[in-house]
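Undergrad: Here is what each chain is made of, one letter per residue.
Protein chains: 2
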Amino acid sequence: MSAFEKLQQHLKQLPGLGYRSAERIALHLLVEKPESLPLLVAALEDAAKNVRRCVRCGNLAGAELCAICSDERRNQRMVCVVEHVPDLVALERSGAWRGIYHVLHGRLSPVQGVGPGDLNFAPLLERLQAGEVDELILALANDVEGEATCHYLIEQVPAERSVKVTRIGFGLPSGGGVLYADAVTLKSALDARRSYR
Amino acid sequence: MSAFEKLQQHLKQLPGLGYRSAERIALHLLVEKPESLPLLVAALEDAAKNVRRCVRCGNLAGAELCAICSDERRNQRMVCVVEHVPDLVALERSGAWRGIYHVLHGRLSPVQGVGPGDLNFAPLLERLQAGEVDELILALANDVEGEATCHYLIEQVPAERSVKVTRIGFGLPSGGGVLYADAVTLKSALDARRSYR
Numbered sequence: 001m002s003a004f005e006k007l008q009q010h011l012k013q014l015p016g017l018g019y020r021s022a023e024r025i026a027l028h029l030l031v032e033k034p035e036s037l038p039l040l041v042a043a044l045e046d047a048a049k050n051v052r053r054c055v056r057c058g059n060l061a062g063a064e065l066c067a068i069c070s071d072e073r074r075n076q077r078m079v080c081v082v083e084h085v086p087d088l089v090a091l092e093r094s095g096a097w098r099g100i101y102h103v104l105h106g107r108l109s110p111v112q113g114v115g116p117g118d119l120n121f122a123p124l125l126e127r128l129q130a131g132e133v134d135e136l137i138l139a140l141a142n143d144v145e146g147e148a149t150c151h152y153l154i155e156q157v158p159a160e161r162s163v164k165v166t167r168i169g170f171g172l173p174s175g176g177g178v179l180y181a182d183a184v185t186l187k188s189a190l191d192a193r194r195s196y197r
Numbered sequence: 198m199s200a201f202e203k204l205q206q207h208l209k210q211l212p213g214l215g216y217r218s219a220e221r222i223a224l225h226l227l228v229e230k231p232e233s234l235p236l237l238v239a240a241l242e243d244a245a246k247n248v249r250r251c252v253r254c255g256n257l258a259g260a261e262l263c264a265i266c267s268d269e270r271r272n273q274r275m276v277c278v279v280e281h282v283p284d285l286v287a288l289e290r291s292g293a294w295r296g297i298y299h300v301l302h303g304r305l306s307p308v309q310g311v312g313p314g315d316l317n318f319a320p321l322l323e324r325l326q327a328g329e330v331d332e333l334i335l336a337l338a339n340d341v342e343g344e345a346t347c348h349y350l351i352e353q354v355p356a357e358r359s360v361k362v363t364r365i366g367f368g369l370p371s372g373g374g375v376l377y378a379d380a381v382t383l384k385s386a387l388d389a390r391r392s393y394r
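Protein chains in written order, with the working numbering: chain A, 1 to 197; chain B, 198 to 394.
Bear in mind the hints are in silico, worked out from the structure with no lab data behind them. Mixed in with the good hints there might be a few duds.
Said to hold, decoys possible - The list that follows gives simulated cross-link-like pairs (lysine to aspartate or glutamate, EDC-like), each with its CA atoms no further than 16 Å apart: (1) Lys-246/B / Glu-261/B; (2) Lys-33/A / Glu-280/B; (3) Lys-6/A / Glu-242/B; (4) Lys-49/A / Glu-232/B; (5) Lys-33/A / Asp-315/B; (6) Lys-187/A / Asp-143/A; (7) Lys-246/B / Glu-35/A; (8) Lys-230/B / Glu-83/A; (9) Lys-164/A / Glu-132/A; (10) Lys-361/B / Asp-331/B; (11) Lys-33/A / Glu-242/B; (12) Lys-246/B / Glu-5/A; (13) Lys-230/B / Asp-118/A; (14) Lys-49/A / Glu-202/B; (15) Lys-49/A / Glu-64/A; (16) Lys-203/B / Asp-46/A; (17) Lys-203/B / Glu-45/A; (18) Lys-230/B / Glu-45/A; (19) Lys-361/B / Glu-329/B; (20) Lys-384/B / Asp-340/B; (21) Lys-164/A / Glu-135/A; (22) Lys-6/A / Asp-243/B; (23) Lys-164/A / Asp-134/A; (24) Lys-361/B / Glu-332/B.
With the rest of the complex left out, here is chain A (with noise of 0.2 Å):
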């Protein structure tokens, strides 16, 4: 295989790349704009020497721990579990949790051979084993993957520990009425219906 194939290869195993994707990028670096490819492998060099993965929650980190993971003023005893780190991004924009987080890295898929193997589960497990977790939230998404590994998850919590374990809750988007919505939100919305009185 020469040089321009084994590049393909690799760039075809990023994700969201098939196989025109990586050999248009490919022929970019290589004969089109030659002069970014010493820059892009620059930047993916001084990214992997500074940046790494948080090694409690598996968000991107510039230390051991993430900032917040070692930020003191946060509930470190509140767990919030999510797919990846931009779920993460998105709630902390919100402003709406104080607790942390931990990054799973993607979730259980059999279709795909994604097992618990394949994801980000060992240093949760450890700390609940180790008692250190009082409430854990599943901020995973409302379909069947996400289903399947929060059940995965909630197996896992050790029976002896009191954690209390919640999903986050599903239903009408802020600013979105009933006429656009799509039928497994309905569902959700009516199933998490509350009483006013």
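On the provided structure of chain A, position chain B as indicated by the hints.
TA: What follows is chain B alone, placed relative to chain A:
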């Protein structure tokens, strides 16, 4: 800007990637599959070292000249002009062309700010000036930008050299009937009608 944001900026400049897909790839390389980052960097560096742009035609090359430009069995005086390397690969796969190529790496687009200086015109114009070309086949797309690029090239052909300039034929694709063809293709097919006798 953090090293993560810088990497995201660099990725966003690659063709076909937007803000979200760049973020997704950066997270994949830094926290989800960090073991894949050094492999990608190695593939990029290896390709940068071993793959370059043919100085004559702009194709991918392992040396000064690409395999086609250095093949003496091909007619080096008949030049087929294409937009991108994959166009050249498609024509090679057809086995229908025994001349050489010239890759522009794009086409003129005033709307997107692509002028003659941004494309690989210079080596072709030099060859035209030097009288090294007998026929120029323009295999550019059948749209406004392809058309503009053809007109620009035709104007650049030196009047004192007798160069035959043709454009690749347009019409119904093989295996496609009138029913499924779009309006522009049908117009081209009618314009390109040939008399039986």
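Undergrad: Could you run down the list of hints and mark each one as holding or not?
TA: Each hint, compared with the structure:
no., hint, result
1, Lys-246/B / Glu-261/B, "13 Å, holds"
2, Lys-33/A / Glu-280/B, "15 Å, holds"
3, Lys-6/A / Glu-242/B, "11 Å, holds"
4, Lys-49/A / Glu-232/B, "13 Å, holds"
5, Lys-33/A / Asp-315/B, "10 Å, holds"
6, Lys-187/A / Asp-143/A, "12 Å, holds"
7, Lys-246/B / Glu-35/A, "13 Å, holds"
8, Lys-230/B / Glu-83/A, "15 Å, holds"
9, Lys-164/A / Glu-132/A, "12 Å, holds"
10, Lys-361/B / Asp-331/B, "6 Å, holds"
11, Lys-33/A / Glu-242/B, "15 Å, holds"
12, Lys-246/B / Glu-5/A, "14 Å, holds"
13, Lys-230/B / Asp-118/A, "10 Å, holds"
14, Lys-49/A / Glu-202/B, "14 Å, holds"
15, Lys-49/A / Glu-64/A, "13 Å, holds"
16, Lys-203/B / Asp-46/A, "9 Å, holds"
17, Lys-203/B / Glu-45/A, "11 Å, holds"
18, Lys-230/B / Glu-45/A, "15 Å, holds"
19, Lys-361/B / Glu-329/B, "12 Å, holds"
20, Lys-384/B / Asp-340/B, "12 Å, holds"
21, Lys-164/A / Glu-135/A, "5 Å, holds"
22, Lys-6/A / Asp-243/B, "9 Å, holds"
23, Lys-164/A / Asp-134/A, "6 Å, holds"
24, Lys-361/B / Glu-332/B, "5 Å, holds"
Going down the numbered hints, you'll see the structure goes against none, and every one checks out.
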